[in-house]
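This is what each chain is made of:
There are 2 protein chains.
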Amino acid sequence: MPLIPAPILKRFAEDILLAAGVPRHKAELVATTLVATNLRGVDSHGIQLLTFYVDQLLAGEMDAQTDGRVVSENGSCLLFDGQNGLGQWVAEICSDHAVRIAKAQGIGMVVARESNHFGACNWWAQKMRDAGQIGIVMCNASAIVPPWQGREGRLGTNPICVALPGPWLLDMATTTVAAGKIFKARFNGQPEIPAGWAFDAEGVPTTDTEKAYAGMLMPLGGYKGSGLAMMVEILCGVLGGGAMSTQIGGIRFRGRTVRVSQTFVAIDVARFMPREEFEARMEWLVQRIKSTPAAPGYEEVLVAGEPEWRMEAQRSREGIPIPDGNWESLVKTAERVKVEAPAV
Amino acid sequence: MPLIPAPILKRFAEDILLAAGVPRHKAELVATTLVATNLRGVDSHGIQLLTFYVDQLLAGEMDAQTDGRVVSENGSCLLFDGQNGLGQWVAEICSDHAVRIAKAQGIGMVVARESNHFGACNWWAQKMRDAGQIGIVMCNASAIVPPWQGREGRLGTNPICVALPGPWLLDMATTTVAAGKIFKARFNGQPEIPAGWAFDAEGVPTTDTEKAYAGMLMPLGGYKGSGLAMMVEILCGVLGGGAMSTQIGGIRFRGRTVRVSQTFVAIDVARFMPREEFEARMEWLVQRIKSTPAAPGYEEVLVAGEPEWRMEAQRSREGIPIPDGNWESLVKTAERVKVEAPAV
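Those protein sequence lines, which keep their order, are chains A and B. Note that this note's numbering has the first sequence beginning at 1, numbered continuously upward. Note that this note's numbering has the second sequence beginning at 1, numbered continuously upward.
Chain A with its partners taken away, still in its complex shape (with noise of 0.2 Å):
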């Protein structure tokens, strides 16, 4: 498996953006998170995704040229629509609102409508936290997960994030995995996934990979993972006005439009205390945590953002290992747009 430098990858990922139409400004912001997301470790939003992306711009489903627009501004809300613009362009566009507003009123919550994908949510959480404050990010997402006790995708994998001043930062799907993770495992030819990660087209269990690609995904722990599902979903699709459920198409499906909603909700810490005061409150909360003697069969005790950091400090040193598989589909979706692939 080849080690690709980030900012080779970067700029792989940028001239393919570029060829399929994005504008520069864009396609850097789009090549930037994605290959983040891959140095994070967290390869199932990362460069990977391009594919699909550059399959919905040539499609003509998704416009890259739009900046979209404030649709109403009322206090401590904004309501967005995306106009099917860029994911990662209306997730900027949408962060710096909430930071904005935040500043003003001590929160900011805006949602976005008529969005489309936009990587891995923390990037946006990210930039709340930047400004002192508490970064919380959801998005709903394509109908493949069942509700509990259901056996027909209504829900999205629907995650929620949250990133704030101090060492902790969490970014989850409300499934057990990401759908991402069973992308993942096709791509690069593994037969079987863990189980619990997904039920087959019929709402059985299954550890095939194919047939979990065919089906759903696991609600996280059953019914619960159903109610935080329908949370987001409510706090984005319901509250934005945008499409919900089914409505909802999705990165891998052609002939429609992605529709998604996103939240974007910043807290100003310092209406509460002082930034400085939280973090240390922060950094002595997580020491408390990682203080806690392991469990049998397990070292240390790891809190949320942790394994990322780790990943992330490795692969800025020696590289992003991509798959086979994902290095192929990259390289023939660079061809699609007559596009070099760099040699690894």
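Hints were generated in silico from the structure; no laboratory data involved.
The list treats identical chains as one, so a pair stands whether inside a single copy or across any two.
Once the Cα atoms are required to be at most 16 Å apart in a straight line, the calculated EDC-like pairs of lysine to aspartate or glutamate come out as: (1) Lys103 with Glu73; (2) Lys290 with Glu152; (3) Lys338 with Asp55.
Keeping the supplied structure of chain A fixed, place chain B upon it in accordance with the hints.
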């Protein structure tokens, strides 16, 4: 098992609280909310809590007289000091503040520190719902849950509750089950609990009720449940400047105060769309979810809130079944404060 009409149970609870020194308006609130929780079938958070509250009151470890105080109000954000008052009373005041601020600003976020156990979260989330708002309530709790990969309690059951205009209501602990379910099994002499609910005191999974009672609850779905519990701890304990992790007491622990923090977020849906439109969208979504064909072994798909609303209708008609263990404990508590139990 006797079936007790709600008004009789409420009167009994109120008399006990009055006799334990709680002012009448507060005794009525606590009794009303506890019995309302029994009506919903959530017996773990109903009148069985009275025994613990009376323990606290008679030990002088909770101040039934104080009304707490506003520490600061700044834009959408309010910080409250519960001053070790009754949790239900703190929640009543704080949810009113959240509603008021959301009406003025679109969003209100109130964080209360130095509070006490307030029963089930949903009562206060529903107060915000009744004002046409999305109500979100969270609280931290006794550190009886180990972080993922750990084997000592560091986090609480840390529930998340969301109520809104529409037929859906989420109220869930971030553990597989709420601690009260294990208390209830023990009160009623059930020797075994289901697998996946708890660890013993050494961090080994157990189905033995006594060992679970002396042990720890499991985070929902493993590391993601741990992450959600931390999120709640941060939005309550860290942001509110109160007790965190093992600094928190608990209703079962004498000789120290409880010191929990509670967070109330109100979002005025009218800042995004007319309330009627939001409700219509919620109804469409809930119907879309409920129309999912049932998985093998199930008859129908239910959404969050539905089982409790059904139980509430039934128990309002038929009365509340109180298991013998709970009733004996309640009668003993009444005897401590010289209150006579109603004939049942």
